[in-house]
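The listed protein sequences derive, respectively, from chains A and B.
Numbered per the working numbering, the first sequence spans residues 1 to 112.
Numbered per the working numbering, the second sequence spans residues 1 to 112.
It is worth saying that the hints were derived from the structure and are not from the lab.
Treat the hints loosely; a few may be bogus.
[To be verified] Under the rule of at most 25 angstroms between Cα atoms (straight-line distance), these lysine-lysine pairs were calculated in the PhoX-like manner:
no.: 1; chain 1: B; residue 1: K67; chain 2: B; residue 2: K56
no.: 2; chain 1: B; residue 1: K99; chain 2: B; residue 2: K56
no.: 3; chain 1: A; residue 1: K57; chain 2: B; residue 2: K99
no.: 4; chain 1: B; residue 1: K67; chain 2: B; residue 2: K42
no.: 5; chain 1: B; residue 1: K99; chain 2: B; residue 2: K42
no.: 6; chain 1: B; residue 1: K2; chain 2: A; residue 2: K57
[To be verified] Computed list of chain B residues with no C-beta within reach of chain A, every gap over 10 angstroms:
no.: 7; residue: S20
no.: 8; residue: L46
no.: 9; residue: G54
no.: 10; residue: G59
no.: 11; residue: Q64
no.: 12; residue: L100
Ideal placement from N, C-alpha and C gives every residue a C-beta, glycine not left out.
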Amino acid sequence: IAGITQAPTSQILAAGRRMTLRCTQDMRHNAMYWYRQDLGLGLRLIHYSNTAGTTGKGEVPDGYSVSRANTDDFPLTLASAVPSQTSVYFCASSAGARTEAFFGQGTRLTVV
Amino acid sequence: QKEVEQNSGPLSVPEGAIASLNCTYSDRVSQSFFWYRQYSGKSPELIMSIYSNGDKEDGRFTAQLNKASQYVSLLIRDSQPSDSATYLCAVKGTGTASKLTFGTGTRLQVTL
């Protein structure tokens, strides 16, 4: 089934550890996004990529980095996790500049 | 001022009634507008997209866009208990900077 796959589904991480959240799509979409969702704050954009080889900062980029080496993959890295990064992380993709985005199933991350 | 604003609710409507969800956005050059539904613990799923002023209908759902007032709404006719969820308004900019920005969502409760 075509779509977006995120891994892991959930993770408990010790503070100070490095962690990469994986996101892969098989729809050949140009744009990809990473969001975090926290109660009362909605979906906040962390980083995005309009096409392979380019990335941009969203609303809350500090503490996170991304890369877009190819069309399909858009990993999100926490270099040194802190408890405030405890959240549900969603990856999404869209075909083009005006089109809708489709979401992965999410990764629930707890930093302790 | 947040880029996309929604009333957090909860909005409570009886079964069979019309639910009206509203959203305002700050960027006048926004081109694409979306409504997503999110059930608790799940990822957002697209309900409607709208790009031009006026109404767009799909089954029980109608999206309304007024670019002059920077306002987009979602009407749900004949509301069902299964419509109880959080509804997220999302707005996309123009050109290559295709950031997709979400409001914090409105929680809808359809009562029996």
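Exercise. Would the pair B:K99 and B:K42 pass a check requiring their Cα atoms to be no farther apart than 25 angstroms?
Worked result: holds, 22 angstroms
For this session: Starting from B:K67, check that the Cα of B:K56 is at most 25 angstroms away, please.
Result: holds, 14 angstroms
Problem set entry | Pairwise hint evaluation, A:K57 against B:K2, where the allowed Cα distance is 25 angstroms at most | holds, 17 angstroms
Problem set entry | Restraint check for B:K99 with B:K56, where alpha carbons must lie at most 25 angstroms apart | Roughly 23 angstroms between the alpha carbons, so the hint for B:K99 and B:K56 holds.
Exercise. Per the stated criterion, does the least C-beta distance between B:G59 and chain A lie above 10 angstroms, as a non-interface residue requires?
Worked result: Correct as stated: the minimum Cβ-Cβ distance to chain A is 17 angstroms, above 10 angstroms.
Exercise. Straight-line Cα separation of B:K67 and B:K42 no greater than 25 angstroms?
Worked result: violated, 31 angstroms
Problem set entry | Non-interface claim for B:L100, where every Cβ of chain A lies beyond 10 angstroms | At about 5 angstroms from chain A, B:L100 fails to clear the 10 angstroms cut-off, so the statement is violated.
For this session: Please settle this one: B:G54 was flagged as non-interface, so is its CB more than 10 angstroms from every CB on chain A?
Result: Holds, because the least Cβ-Cβ distance between B:G54 and chain A comes to about 17 angstroms, which exceeds 10 angstroms.
For this session: Confirm or reject the statement that B:Q64 sits farther than 10 angstroms, beta carbon to beta carbon, from all of chain A.
Result: The claim holds: B:Q64 sits with its nearest Cβ about 17 angstroms from chain A, beyond 10 angstroms.
For this session: Starting from A:K57, check that the Cα of B:K99 is at most 25 angstroms away, please.
Result: Roughly 9 angstroms between the alpha carbons, so the hint for A:K57 and B:K99 holds.
For this session: Taking the shortest Cβ-to-Cβ distance between B:S20 and chain A, state whether it exceeds 10 angstroms.
Result: holds, 20 angstroms
For this session: Compute the least Cβ-Cβ separation between B:L46 and chain A, then decide whether it is above 10 angstroms.
Result: violated, 5 angstroms
Of the hints listed earlier, those the structure fails to meet are numbers 4, 8, 12, in rising order.
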